[in-house]
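Colleague: Sequence:
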Amino acid sequence: MASGDRTNQPLSPPTPIVQPTTPTKRVLITSLLAGIVGGGVGLVSKHRKAYPNIPTIYATNFAIVAGCYCGAREFVRITRRSEHEDLMSSAIGGLFSGALLGRLQGGPHGAFRYSVIFAAMGTACDYAALRAKPMLESFRDMDSIKLPEWSPIQILDEEALAKKQEEQRIFAERSFGRLNKEEA
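Taking the UniProt record's numbering, I'd label the letters of the sequence shown as residues 1 to 184.
Note that these hints are calculated values from the structure, not bench results. Keep in mind that the hints are not guaranteed to be accurate.
Under the rule of at most 20 Å between Cα atoms (straight-line distance), these lysine to any residue pairs were calculated in the SDA-like manner [unchecked claim]:
| # | residue 1 | residue 2 |
| --- | --- | --- |
| 1 | K25 | P55 |
| 2 | K25 | K133 |
| 3 | K133 | M88 |
| 4 | K25 | C125 |
| 5 | K133 | S151 |
| 6 | K25 | H84 |
| 7 | K25 | T60 |
| 8 | K133 | A34 |
| 9 | K133 | L87 |
| 10 | K133 | C68 |
| 11 | K133 | T22 |
| 12 | K164 | S151 |
| 13 | K25 | R103 |
| 14 | K25 | I64 |
| 15 | K25 | A111 |
| 16 | K25 | C68 |
Cβ pair distances, simulated, as ranges [as the list claims (entries may be wrong)]:
| # | residue 1 | residue 2 | range |
| --- | --- | --- | --- |
| 17 | A162 | R81 | 49 to 59 Å |
| 18 | T22 | W150 | 17 to 27 Å |
| 19 | R113 | T79 | 19 to 29 Å |
| 20 | S138 | F112 | 17 to 27 Å |
| 21 | L87 | Q154 | 19 to 29 Å |
| 22 | A128 | Y51 | 27 to 37 Å |
| 23 | P134 | V37 | 19 to 29 Å |
We put the beta carbon where it would ideally sit given N, CA and C, even for glycine.
Let the hints inform the model, and build the full structure from the sequences given.
Modeller: Below, the structure written as structure tokens:
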């Protein structure tokens, strides 16, 4: 067999392309999600009628807090050379970001209170995310979703899909035929 003849060799399955997440992406995505949550909280706020800009204020505050916390957490993770799932990085990042934001907002006494709150809440959120990750991945790995037979939404097999495409092609030809006759 010649070295250029590879027709009899089995093909290997393609390897999935996994792009590593950078700390910048992790901070940016989390900040955007926090901004969206903050805007949602602002929309259902009881102060919304009195202050029309409250959703933007909440969204901005949530994004700033999440960005500061996630930035500190990623800085600590890189400095400690630990894994993404390390909860100690979350606690230390929460202490630092809470102290910084608390000092800006509430003075020296606010720095201590905020650092404890940020450490507790940030670590709790990261722990909950770690526990929820396998459950969310199991939903993503489902082959197909079964809908009840009475549902108007049905998942078509290949034969039904081909029949539907043929019907759409015929309908399009008839519609264009009518238009051409009307223009003439």
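Colleague: Hints first: check each against the structure and report whether it holds.
Modeller: Verification of the hints:
Between the alpha carbons of K25 and P55 the distance comes to roughly 24 Å, so the proposed pair goes past 20 Å and is violated. Taken as a hint, the K25 and K133 pair is honoured in the structure, with Cα atoms around 18 Å apart against an allowance of 20 Å. Distance check on the hinted pair: K133 and M88 sit about 19 Å apart at the alpha-carbon level, within 20 Å; holds. Restraint check for K25 and C125: satisfied, since their Cα atoms lie roughly 18 Å apart, inside the 20 Å limit.
Using a Cα cut-off of 20 Å, the hinted pair K133 and S151 is violated, with the two alpha carbons roughly 30 Å apart. A C-alpha spacing of about 13 Å is found between K25 and H84, which places the hinted pair at or below 20 Å, so the restraint holds. Our distance criterion of 20 Å between C-alpha atoms is met by K25 and T60, whose separation comes to about 18 Å. Distance hint between K133 and A34 is fulfilled; the C-alpha atoms sit about 18 Å from each other, no more than 20 Å.
Between K133 and L87, the direct Cα distance comes to roughly 15 Å. Compliance with the 20 Å bound is thereby established for this hinted pair. For the proposed pair K133 and C68, the alpha carbon gap of about 23 Å is over 20 Å, so the pair is violated. Note on K133 and T22: the hinted pairing holds, with a Cα-Cα distance of about 19 Å set against a maximum of 20 Å. Proposed proximity of K164 and S151 is supported: the alpha carbons are some 18 Å apart, at most 20 Å.
Of the pairs offered as hints, the one joining K25 and R103 is violated, with about 27 Å between alpha carbons and a cut-off of 20 Å exceeded. Of the pairs offered as hints, the one joining K25 and I64 holds, with about 15 Å between alpha carbons and a cut-off of 20 Å not exceeded. A threshold of 20 Å between alpha carbons decides the hint, and for K25 with A111 the separation of about 28 Å lies outside it, so the pair is violated. Of the pairs offered as hints, the one joining K25 and C68 holds, with about 14 Å between alpha carbons and a cut-off of 20 Å not exceeded.
Checked against the hint of 49 to 59 Å, the C-beta distance between A162 and R81 comes to roughly 55 Å, which is consistent with it. For the pair T22 and W150, the supplied restraint of 17 to 27 Å is violated, since their beta-carbon distance comes to about 47 Å. Between R113 and T79 the beta carbons are some 25 Å apart, a value that agrees with the proposed interval 19 to 29 Å. Checked against the hint of 17 to 27 Å, the C-beta distance between S138 and F112 comes to roughly 41 Å, which is inconsistent with it.
For the hinted restraint 19 to 29 Å between L87 and Q154, the CB-CB distance of approximately 45 Å leaves it violated. The hinted window of 27 to 37 Å between A128 and Y51 holds, with their beta carbons roughly 31 Å apart. One distance hint, 19 to 29 Å for the beta-carbon pair P134 and V37, holds here, with the actual separation near 23 Å.
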